[in-house]
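A.B. asks: Sequence:
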Amino acid sequence: MFIFNGPLSGTTEKQKCGWVGTWIGEEGREIYKTLQIAEADDVGVVFRKFEEHVRPKKNKRMSRHKLKNRKQTSTETFTNYVKDLMVILMDCEYENPEDILIDCIIDGVADAKLQEKLLDRGGGLTLAKALELGQQHHESKNQLRMLREEVRVDQIKTNSQRSAQRLSQPVKSQPTDYEKVWQVRQSQVLPSYIISVRILQAKRALASSLS
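For the sequence shown, this note's numbering begins at 1 and goes up steadily by one.
Hints are supplied without guarantee of correctness; some may be wrong.
[Said to hold, decoys possible] Here are the computed lysine to any residue pairs in the SDA-like style, where the Cα-Cα straight-line distance is at most 20 Å:
(1) 129 - 107
(2) 129 - 93
(3) 60 - 93
(4) 68 - 93
(5) 129 - 77
[Stated by the list, open to error] Cβ pair distances, simulated, as ranges:
(6) 79 - 119: 32 to 42 Å
(7) 97 - 119: 14 to 24 Å
(8) 128 - 42: 49 to 59 Å
(9) 119 - 141: 17 to 27 Å
(10) 128 - 152: 18 to 28 Å
(11) 29 - 142: 29 to 39 Å
(12) 124 - 22: 54 to 64 Å
(13) 129 - 152: 28 to 38 Å
(14) 24 - 131: 41 to 51 Å
(15) 77 - 124: 35 to 45 Å
(16) 21 - 75: 47 to 57 Å
(17) 120 - 68: 41 to 51 Å
(18) 23 - 129: 41 to 51 Å
Calculated directly from the structure, the hints in this document are not laboratory data.
In this text, a Cβ means the ideal position worked out from N, Cα and C, and glycines have one as well.
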């Protein structure tokens, strides 16, 4: 064992087991008494018995139940989903785990289009091909999402530029009600004034010619 490669490398197996008994503490020694280790002087056996004791007990029924109910969430990547399925599958004790995994992937994927692609492959679908299709579909969705985001940003920039241009252009002010009345009065009075001036000029010219 690697922990005995230092100063304790020259100790006997029995001495190594004694050191293990010291390191595991009182609670560990109480567990040791229940392990029924036949080869108590073999440190490798002692470690293995402790590992078997602390390792969670396998329950294939529980693991199979978890596997069948494991579905991909809306925010979960396809790769992470499959990795978790593989971890659960390790304790299921199926005779053909790869085929079971393919079925679980098809049943649990969140994207209906990907599920349809996998089903279309039929009995010829292998695990490698299922993983390839899933990753390709996930990458295509990401690229499409990024493209749509770029288009949206460009549209926002275009709209902002148009708004800025409209704001920079001078706005023609509309005449007020007073100005409108004044314009009407001018259109009515000015012709009469011009006629009066011309009559006055004609009178003066006539008077000059008679004198």
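A.B. asks: A separate judgement is required for each hint: does it hold in the structure or not?
C.D. replies: Hint check:
The suggested pairing of residue 129 with residue 107 holds, with an alpha-carbon distance near 16 Å, which does not exceed 20 Å. With a CA separation close to 23 Å, the supplied pair residue 129 and residue 93 exceeds the 20 Å bound. A threshold of 20 Å between alpha carbons decides the hint, and for residue 60 with residue 93 the separation of about 6 Å falls inside it, so the pair holds. For the suggested pair residue 68 and residue 93, the alpha carbons sit about 14 Å apart, so the restraint of at most 20 Å is met.
Between residue 129 and residue 77 the alpha-carbon distance is near 17 Å, which keeps this suggested pair within the 20 Å criterion. For the pair residue 79 and residue 119, the beta carbons lie near 20 Å from each other, so the given range of 32 to 42 Å is not met. The hint said 14 to 24 Å for the Cβ distance between residue 97 and residue 119, and at roughly 20 Å that hint holds. Between residue 128 and residue 42, the C-beta spacing of about 43 Å breaks the proposed range 49 to 59 Å.
Between residue 119 and residue 141 the Cβ separation comes to about 18 Å, which falls inside the hinted range of 17 to 27 Å. For the pair residue 128 and residue 152, the beta carbons lie near 37 Å from each other, so the given range of 18 to 28 Å is not met. Range check, residue 29 to residue 142: Cβ separation about 55 Å, and the 29 to 39 Å hint is violated. Between residue 124 and residue 22, the C-beta spacing of about 60 Å keeps the proposed range 54 to 64 Å intact.
Taken as a hint, the range 28 to 38 Å holds for the pair residue 129 and residue 152, whose Cβ atoms sit roughly 35 Å apart. At about 43 Å, the beta-carbon gap between residue 24 and residue 131 stays in the expected band of 41 to 51 Å. At about 26 Å, the CB distance of residue 77 to residue 124 disagrees with the hint of 35 to 45 Å. Residue 21 and residue 75 have their C-beta atoms about 49 Å apart, which keeps the hinted 47 to 57 Å range intact.
Between residue 120 and residue 68, the C-beta spacing of about 23 Å breaks the proposed range 41 to 51 Å. Restraint check, residue 23 to residue 129: a C-beta distance of roughly 50 Å satisfies the suggested window 41 to 51 Å.
In terms of the numbered hints stated before, the structure departs from hints 2, 6, 8, 10, 11, 15 and 17, listed from lowest to highest.
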